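S.K.: Listed below, chain by chain, are the residues.
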Amino acid sequence: MSSINQYIELYKENVEAVCGNSAGALNSARRSALEALDGASLPEKGDEDYEVTSLEDVFAPDYGVNVNRIDLGANPAEAFRCDVPNMSTCMYFLFNDAFHPGKNAANSLPEGVIIKSLKDAAAENADLVDEYYGRIASPDCKQTALNTLLAQDGIFVYVPDGVVMEKPIQLVNILNSGTPLMVNRRMLIVIGNNACARMLVCDHTQNCGVDYLNSQVVEIYAGENAVFDYYDIEDSSTGTNRVSSFYVRQQSGANLMIDGITLMNGFTRNNYVVDLAGSGTELHLYGMAMANGRRHIDNHTVVRHAAKGGRTDELFKYVLDENSVGSFSGLIQVCPGAEKTEAYQSNKNICASEGARMYSKPQLIIDCDDVKCSHGSSTGQLDQQALFYMRQRGIPEHEARLMLMQAFMNDVIAGVRMEALKDRLRHLVESRFAGNNSASCRSCSSTCHKQ
Amino acid sequence: MKEQKDKSKKDESIIKDATGGDYKYGFVTDIDTHVIPVGLNEDVVRYISRTKGEPEWLLDFRLKAFRHWQTLAMPRWAHLDIPEIDYQSISYYAAPKTKPSPGSMDDVDPELRRTFDKLGIPLEEQMRLSGVAVDAVMDSVSVKTTYRDRLAELGVIFCSISEAVKDYPDLVKKYLGTVVSYRDNFFAALNSAVFSDGSFVYIPKGVRCPMELSTYFRINAANTGQFERTLIVADDDAYVSYLEGCTAPMRDENQLHAAIVEIIVEDRAEVKYSTVQNWYPGDKDGNGGIYNFVTKRGLCRGDFSKLSWTQVETGSAITWKYPSCVLQGDNSIGEFYSVAVTNNHQQADTGTKMIHIGKNSRSTIVSKGISAGFSQNSYRGAVKIAKNATGCRNFTQCDSLLLSDTCGAHTFPYIDVQNESSIVEHEATTSKINEDQLFYCNQRGIPTEDAVGLIVNGYAKEVMSKLPMEFAVEAQKLLQISLEGSVG
Chain A
1 MSSINQYIEL YKENVEAVCG NSAGALNSAR RSALEALDGA SLPEKGDEDY EVTSLEDVFA
61 PDYGVNVNRI DLGANPAEAF RCDVPNMSTC MYFLFNDAFH PGKNAANSLP EGVIIKSLKD
121 AAAENADLVD EYYGRIASPD CKQTALNTLL AQDGIFVYVP DGVVMEKPIQ LVNILNSGTP
181 LMVNRRMLIV IGNNACARML VCDHTQNCGV DYLNSQVVEI YAGENAVFDY YDIEDSSTGT
241 NRVSSFYVRQ QSGANLMIDG ITLMNGFTRN NYVVDLAGSG TELHLYGMAM ANGRRHIDNH
301 TVVRHAAKGG RTDELFKYVL DENSVGSFSG LIQVCPGAEK TEAYQSNKNI CASEGARMYS
361 KPQLIIDCDD VKCSHGSSTG QLDQQALFYM RQRGIPEHEA RLMLMQAFMN DVIAGVRMEA
421 LKDRLRHLVE SRFAGNNSAS CRSCSSTCHK Q
Chain B
1 MKEQKDKSKK DESIIKDATG GDYKYGFVTD IDTHVIPVGL NEDVVRYISR TKGEPEWLLD
61 FRLKAFRHWQ TLAMPRWAHL DIPEIDYQSI SYYAAPKTKP SPGSMDDVDP ELRRTFDKLG
121 IPLEEQMRLS GVAVDAVMDS VSVKTTYRDR LAELGVIFCS ISEAVKDYPD LVKKYLGTVV
181 SYRDNFFAAL NSAVFSDGSF VYIPKGVRCP MELSTYFRIN AANTGQFERT LIVADDDAYV
241 SYLEGCTAPM RDENQLHAAI VEIIVEDRAE VKYSTVQNWY PGDKDGNGGI YNFVTKRGLC
301 RGDFSKLSWT QVETGSAITW KYPSCVLQGD NSIGEFYSVA VTNNHQQADT GTKMIHIGKN
361 SRSTIVSKGI SAGFSQNSYR GAVKIAKNAT GCRNFTQCDS LLLSDTCGAH TFPYIDVQNE
421 SSIVEHEATT SKINEDQLFY CNQRGIPTED AVGLIVNGYA KEVMSKLPME FAVEAQKLLQ
481 ISLEGSVG
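Residue numbers (the working numbering), protein chains in the order written: chain A, 1 to 451; chain B, 1 to 488.
There may be inaccurate statements among the hints.
[As the list claims (entries may be wrong)] Lysine-lysine pairs mimicking DSSO-like chemistry, simulated, CA-CA at most 30 Å apart: (1) A/Lys-308 to A/Lys-372; (2) A/Lys-45 to B/Lys-387; (3) A/Lys-103 to A/Lys-167; (4) B/Lys-461 to B/Lys-477; (5) B/Lys-432 to A/Lys-308; (6) B/Lys-174 to B/Lys-64; (7) A/Lys-340 to B/Lys-64; (8) B/Lys-205 to B/Lys-174; (9) B/Lys-477 to B/Lys-359; (10) B/Lys-353 to B/Lys-174; (11) B/Lys-272 to B/Lys-174; (12) B/Lys-353 to B/Lys-64; (13) B/Lys-173 to B/Lys-272; (14) B/Lys-387 to B/Lys-432; (15) B/Lys-64 to B/Lys-173; (16) B/Lys-284 to A/Lys-372; (17) B/Lys-359 to B/Lys-205; (18) B/Lys-166 to B/Lys-205; (19) A/Lys-340 to B/Lys-387; (20) B/Lys-353 to B/Lys-461; (21) A/Lys-340 to B/Lys-284; (22) B/Lys-432 to A/Lys-372; (23) A/Lys-116 to A/Lys-167; (24) B/Lys-173 to B/Lys-353; (25) B/Lys-359 to B/Lys-272; (26) B/Lys-461 to A/Lys-372; (27) B/Lys-359 to A/Lys-45; (28) A/Lys-45 to B/Lys-353; (29) B/Lys-205 to A/Lys-372; (30) B/Lys-359 to B/Lys-64; (31) B/Lys-353 to A/Lys-372; (32) B/Lys-174 to B/Lys-461; (33) B/Lys-353 to B/Lys-272; (34) A/Lys-12 to A/Lys-116; (35) B/Lys-166 to B/Lys-272.
Just so you know, the hints here were simulated from the structure itself, not pulled from any lab data. Small disclaimer: the values here were computed from a predicted structure and weren't measured.
From just these sequences and the hints, can you work out the full model?
M.R.: Right, dumping it as structure tokens:
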């Protein structure tokens, strides 16, 4: 029996609590999600695009779901400060899936920009949320349908046409619970025509002794000529299972940067589904994953070029140590009529120890002739000659390896379009490779990692 | 002077051949053929086995395969649009009414001989000059294996598989189904149940086969399927180069071809397997043509063994084919070179699997896809490095060339690396023909169509150069014919 059933039962038993603590579009989407889940099961190991990943197993344990919205902790905005030096941001928090604005966050927003709880937005900005919510998140993807069924809150970001946000939006996601918890987080981001925004999202876990299942769906709409950067840094715990799906639609001329970084995790599956619907779009899709122990990182991307003149630059890099498992399956699809498409996909991996395993599947489907597409994948080790060279010059082996691994990750970091964040990431990657397993992003004065 | 004249005459004829355009092997030979009624059930399997006078163990093998096949569903994972196939409307056995194993050329039906002459397969004297031993398989039965006596002196066995079952039952029993089990896939199960003939090659220890061995497959009868089975065994230190060619008449209905090729390569042995696949691809509107669903796999069992696949795929309405190497021996080598051309409404989903089990095993994959017209051409390849297969190396390159805006070129590589000391690389590019190159040729008076031929041949050269000489010329011509009418 599929592990979905326990969640369907839970929903049916608590339908009033689920809907009562949510609003508008979130509630009206549940019925079709329930239909999509009828008799369905989650992907298992060996299924296409899930070659080494079983979501059935991830969803199988008996997690609690906080349908009654009981406050599980103090206001995180008061307790935490997640800083990137030299970067001033508008900060918000999702505590499990409950929205909290940071201090003074609302004051610094340009006119017309809405950043608020998705539940509140569904009630107060119903027309906007109705227009966009659940439109691109595919119910064929069962984990997405499950999220739609159970999601009660999250964040809503709306940047109106023509507005340029100087300050990046920073969202800190915190998981905290005394008992195993499933969180259904939902994010809806709408960037209007000619608007410009940047968003930095980081995932943290407190109370690391507890297992979490973080099911997350992010929908991003980028209007014509919009420019949007989305940096997603996962820095959670060994007991955290993250199943995340990004759905993105870009209109003509939109320029997007999506960067998914997994520094620390337990199990991670990220789906990135990008629809380049308009002509002349540009997409930079980057990913970086570092794993050791028995961690599992699986990134799956689908980029669909539906119109002329789109450009995609995709790069995913993995460093796998000990008994970790990495997987990358990426597809670039060029539809008939999408001429002058340029799409490049690259996946490079280092297996640093005997037990590490990498699975890679870079794919192209091209139904149009006037295109330039390429993909490449390589899996290997650190360059032994470079290592030898460095040791010969008195650099200890451990340090030399560290330097090479950092250098390996450097081109993903170089793609970041915020200088302050680049420096920060370099530092984080360095400390991660230096064996700093328990804390990485928190050399800042926050206390996220100390609990 | 005279030589020059001859040469230019020869060139002219090549050009004439090359621009002939249509499928030239599409004739039907009017020979007396024994065809059993359509349909598939246990009785048919028993009938085939009985007709061929097979021993009990082989019948058991067939029946097991048939029963397993009944539990399977047709695979749908490939990027192919395969219409429903009614397996009960196919005849599973058709044989020319000639004596199964003719002693001399005189015993062969003259009409049959003319067919193979027409195909350019000289079964007779000229064969001796070109030094290629040929096994010709018409519909379901091997009609003539040439050159057998000379090979026998060296201990090389080259005969039809039905003869091998009779004459060398121990060898066949030892190796049959060890590389491609009847449980492997839908078409492998079907073939194992109803295979009618094919070639058997055994190269004994230390023997380098002095000539190229070749099998020519021909479907002739209507409403029949062809299910041949090839088994090649290269014992320690042996070497053989094997060629395979195929053609079929032009018919409006689709015909099924589901073959199995199994190759076993022992210590330090080497097998080179080359295919020029030119089954009838259907007409310009996609009517008719062969469904080519083939399972080919080699087992590099010995240390330092080597298996090399080279294929030129120009025919068939639908191709589903992944010649693979299981690199079990330490330091074994697998190679795969492929050119796949699809035009009009052809579809191809082809590639390879390299399974690295032995330490320090190496593999190379070079795949060139060319799509034109409304065709769909996919490369699908798997490279797997097992946990204990340390020090392995794989390099894959697959390029696609698109010649029209209505065709598709797709790449589906699956890469699974389970240890730290192996290196796997994959590269792929897709683009259309470079307009600067075309312009350059046009400028020098080369018409666009010829220029495309020139560029495509250059593009495919890396693979063509791996083919044995006789095949390379034919393949080059084929390439041109297949792309005829695809430009402008």
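S.K.: For every hint, state whether the structure bears it out.
M.R.: Tested hints:
no. : hint                   : in the structure
1   : A/Lys-308 to A/Lys-372 : holds, 12 Å
2   : A/Lys-45 to B/Lys-387  : holds, 18 Å
3   : A/Lys-103 to A/Lys-167 : holds, 15 Å
4   : B/Lys-461 to B/Lys-477 : holds, 13 Å
5   : B/Lys-432 to A/Lys-308 : holds, 16 Å
6   : B/Lys-174 to B/Lys-64  : holds, 17 Å
7   : A/Lys-340 to B/Lys-64  : violated, 53 Å
8   : B/Lys-205 to B/Lys-174 : holds, 16 Å
9   : B/Lys-477 to B/Lys-359 : violated, 41 Å
10  : B/Lys-353 to B/Lys-174 : holds, 24 Å
11  : B/Lys-272 to B/Lys-174 : holds, 22 Å
12  : B/Lys-353 to B/Lys-64  : holds, 26 Å
13  : B/Lys-173 to B/Lys-272 : holds, 23 Å
14  : B/Lys-387 to B/Lys-432 : violated, 39 Å
15  : B/Lys-64 to B/Lys-173  : holds, 15 Å
16  : B/Lys-284 to A/Lys-372 : holds, 28 Å
17  : B/Lys-359 to B/Lys-205 : holds, 24 Å
18  : B/Lys-166 to B/Lys-205 : holds, 22 Å
19  : A/Lys-340 to B/Lys-387 : violated, 42 Å
20  : B/Lys-353 to B/Lys-461 : holds, 22 Å
21  : A/Lys-340 to B/Lys-284 : holds, 28 Å
22  : B/Lys-432 to A/Lys-372 : holds, 8 Å
23  : A/Lys-116 to A/Lys-167 : holds, 16 Å
24  : B/Lys-173 to B/Lys-353 : holds, 26 Å
25  : B/Lys-359 to B/Lys-272 : holds, 22 Å
26  : B/Lys-461 to A/Lys-372 : holds, 22 Å
27  : B/Lys-359 to A/Lys-45  : holds, 27 Å
28  : A/Lys-45 to B/Lys-353  : holds, 20 Å
29  : B/Lys-205 to A/Lys-372 : violated, 50 Å
30  : B/Lys-359 to B/Lys-64  : violated, 35 Å
31  : B/Lys-353 to A/Lys-372 : holds, 26 Å
32  : B/Lys-174 to B/Lys-461 : violated, 39 Å
33  : B/Lys-353 to B/Lys-272 : holds, 16 Å
34  : A/Lys-12 to A/Lys-116  : holds, 28 Å
35  : B/Lys-166 to B/Lys-272 : holds, 27 Å
Hint compliance for this structure: hints 7, 9, 14, 19, 29, 30, 32 are broken, all remaining hints hold.
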